[in-house]
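Chemist: Fit chain S to the supplied structure of chain W, relying on the hints for placement.
2 protein chains.
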Amino acid sequence: MNQKIQLYYKNVFTESVGAEHGISPDELDELKGPIAELTGKMEQARKRGVVSGAGDTDRRIEFDDIPYRDLPYRNEMMENVRDLAGRLAGKYENLVVLGIGGSALGNIALQTALNSPMYNLRSDRGGPRLFVMDNVDPTQFSETIEYLEPQLDKTLFNVISKSGQTAETAAQFLTILQLLREKGLDLTDHIIATTDTKSGTMRGIVDRLGLTSLKVPQGVGGRFSVLSDVGLFSAAMCGIKIDELLAGARDMDERVRNTDVMKNPAALYAAIQYLFYRKDKRLSVMMPYGYQLKDLCDWFRQLWAESLGKEKNLAGELVNVGPTPIKALGATDQHSQVQLYREGPNDKVFTFLQVESFRSEVVIGDAGDTKELSYLSHRKMGDLINNEKLATEYALLASQRPCLTVLFPEINACSVGEFIYMFEVATSYMGGLLGIDTYNQPAVELGKLATFALMGHKDHSKMAEEIEPMRKPDEKFLI
Amino acid sequence: MNQKIQLYYKNVFTESVGAEHGISPDELDELKGPIAELTGKMEQARKRGVVSGAGDTDRRIEFDDIPYRDLPYRNEMMENVRDLAGRLAGKYENLVVLGIGGSALGNIALQTALNSPMYNLRSDRGGPRLFVMDNVDPTQFSETIEYLEPQLDKTLFNVISKSGQTAETAAQFLTILQLLREKGLDLTDHIIATTDTKSGTMRGIVDRLGLTSLKVPQGVGGRFSVLSDVGLFSAAMCGIKIDELLAGARDMDERVRNTDVMKNPAALYAAIQYLFYRKDKRLSVMMPYGYQLKDLCDWFRQLWAESLGKEKNLAGELVNVGPTPIKALGATDQHSQVQLYREGPNDKVFTFLQVESFRSEVVIGDAGDTKELSYLSHRKMGDLINNEKLATEYALLASQRPCLTVLFPEINACSVGEFIYMFEVATSYMGGLLGIDTYNQPAVELGKLATFALMGHKDHSKMAEEIEPMRKPDEKFLI
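Chains W and S are the protein sequences, given in the same order.
Mind the numbering: the first sequence is residues 1 to 479 in the numbering used here, read in order.
Mind the numbering: the second sequence is residues 1 to 479 in the numbering used here, read in order.
Just so you know, the hints here were simulated from the structure itself, not pulled from any lab data.
Keep in mind that a hint or two might mislead.
[Stated by the list, open to error] Covered by chain S, per the in silico footprint, the following chain W stretches (three or more residues, Cβ under 8 Å):
id : region
1  : 144–151
2  : 203–211
3  : 239–252
4  : 269–280
[To be verified] When the alpha-carbon atoms are kept at most 27 Å apart in a straight line, the in silico DSSO-like pairs for lysine-lysine are as follows:
id : chain 1 : residue 1 : chain 2 : residue 2
5  : S       : 4         : W       : 279
6  : W       : 458       : W       : 472
7  : W       : 279       : W       : 47
8  : W       : 4         : S       : 472
9  : W       : 279       : S       : 327
10 : W       : 472       : S       : 183
11 : W       : 241       : W       : 4
12 : S       : 4         : W       : 312
13 : W       : 472       : W       : 462
All C-beta atoms, glycine included, are put in the ideal place defined by N, C-alpha and C.
If we strip away everything but chain W, and leave its shape as in the complex, we get:
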């Protein structure tokens, strides 16, 4: 059995899905040059210490900053996190992450991938219960806090925000601060802030209150930050082997530096996705056959959407480009989405995630007198789910729908680290092929400002005047 994750790409070609819906080896060949060039550019950017954009859009970062490609090599960072988690071990029953987007999705993904689905319910879980609060739903927030309140002295909050100005995280944080104060608890015992090392609202609060802090690395966008303090601390607290995560990522780094697209899984994945995007297959479905991998899809969904959904290319031309990532779960969504996937518009490319060997197995019970089910008797449940994956792929191919598979030998910290790094780098390649700035998110700004305006922030009163009339629905269009 191969010990690394692998990309299987046979079923994207015309031979598998027909001339109209497949890609040809020649089309892939044409991308060899561009991919080699992108690989070279990324390597150079790493040496210069800049984010791997292109030309004028390179944003210089400070000397001691690290772009995401180098995170797996920051052993000191990893050891610092591990030591902190070690010192805190046994002190808390609950760890609550306050964060949103890139400050939450990676944390959730690691937990689901590497700990038991029953983790929070089990008494032998070997770490605090983990709650990631990545929203400002008052019902969810208050009922979670209500649950935690009797055990607040055994609860640690990890607030994650680079600036501290993210409205959702700030709102949660202020509420928790006040609650801890009301209970007479020492803030320094109950809050760890992951934030900018030098400036910003949260940095100011941290310094004023003397809180322990961890680093949001410079030059690394939130969606690329899971392998930094942002994602590693909650993982380490919950017993995940964060050194192996980074080892897996380093291992993948060796593979994705290859200038030959056919030997570089990240580049090849991006090249194939790019060719399908050009053929108007603009929906990219990721479908893991395994519960543990499901939240990695949400992490990927942010990475892909926010990095690649761009109005303009680097030349400043209007392109309105960007594949729409879609999460589906095998085998569950066979009973929900596959009807559409096979018979609806042929506008999707599918990426299955498949696990060869599961951490725990189940032997299916004996069917007894029920002859119709005897084919299941004493079979492994892992064989069933993997046969379902193959059956679904077969059915999709019968409808000329292209399919890729990422094969996990097993799910462990190492293979998850490989996966994360492969898809981060694939995103960089895809952005390069699309000719856009992969690392910014300009369109998010307007909504943030509008929220400030609607909340009565004094700096945004002019915008408030413009939006306020929308607040009350126009009865003419309400039924």
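Modeler: For chain S alone, kept in the frame of chain W given last:
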């Protein structure tokens, strides 16, 4: 405050999103006739007791059968479920639903919408913990069972399958049967089967073992069955007021029988979605601003995808039609998907779900010396999330992206019942406008047969020969 859910549709018109991306009142007018006709057909079909298809595709059902439109009126059914749940109250610590697709998504959705997010962790929860096992991941299954094993005598399993032949549910069920037997527990105390009343594999097992059973109603597809025994039993066990669910659905039924599209929220929703589909906006994003509504989106995702994703229309012509439903969560996914939604291809229509009054509120803490955050001090968290919704809508409209909103006065059993019924009927209208059979799912069959074949089912050996060569990846395409 209006006590019913409402549809707000102002921001789909050219006036809000421009001529290229909006619809005109005239276009909507043109659908008045077809909608009135569909409404009439559905009413007639209800009287005749047939599924509301069209012409030759009507599938006759038996005299005592009920299509989904009439489920809310089945008081006897509801009372039977409520009585059973009443008799079982207090006997179990855990309720485990074994089902998939339409036998799971509604159950999950009701639980998330109407019970606390901390339900399973709370000791005062007022019902058994609920686990819905809708997959055959061996890790998830075995670690859940491992958790339950010490308290198996306090655990009830509700297996839901019309035929009993669904591979995933059958595999889980056989495993549980064997486990209960090994533990010497009385099967009749620990299993309730929801299945066909007359025939099928599960019916046979139920009769042989003398199990208590509930009904999968005739003539109602899985994805339309949440308001039957299928969805109501687990809800009732967990303290949800199932009578109010049905009352809400009945209330909505009055509204969606209106032949005037402008007065019928289900018809209007479908008409608008149809017009956008014709304008090549084929992605339909549902974005609830509220944690409680998130799993209703997964329920809707099956309903919309499986009903509307069809290769052929009723005339037998190849159409490969079907909008792709997408779930996004507000405010969380503002930090994940909104960059793409605003700047990527303008190929989506957005449906927000908004809650006017939340079950629990949170007053945000005082910002103290942190002036940048003082705009949040002592504000309601519910105001923040609703302002975020409005801000996002404003930002999407600034990018000419059409938006709809379903307004919930509050989330309770009644409004959830309204919502479910409105979207079921909207699906029927949408299928009618697309001219397809809304109630079948022919494309799911091939994958099922292929799974049988790969699992060595003796009736499918010929197909197995065809697929088996795919099992081992071709090394040439593996990196």
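Chemist: Compare the structure with each hint and give your call.
Modeler: Comparing the hints with the structure gives:
1. 144–151: holds (count 4)
2. 203–211: It holds, with 3 qualifying residues against the three required.
3. 239–252: As far as the region 239–252 of chain W goes, the hint is violated, because 0 residues have Cβ atoms under 8 Å from chain S.
4. 269–280: With 0 residues in contact (Cβ-Cβ under 8 Å with chain S), the coverage given for the region 269–280 of chain W is violated.
5. S/4 - W/279: violated, 45 Å
6. W/458 - W/472: Holds, because 21 Å separates the two Cα atoms, which is no more than 27 Å.
7. W/279 - W/47: violated, 35 Å
8. W/4 - S/472: holds, 17 Å
9. W/279 - S/327: The given pair, whose Cα atoms are some 25 Å apart, holds under the 27 Å limit.
10. W/472 - S/183: violated, 60 Å
11. W/241 - W/4: holds, 17 Å
12. S/4 - W/312: Not OK: residue 4 of chain S and residue 312 of chain W at ~43 Å, beyond 27 Å, violated.
13. W/472 - W/462: Cα-Cα ~18 Å, so holds.
This entry does not satisfy hints 3, 4, 5, 7, 10, 12, going by the numbered hints stated previously.
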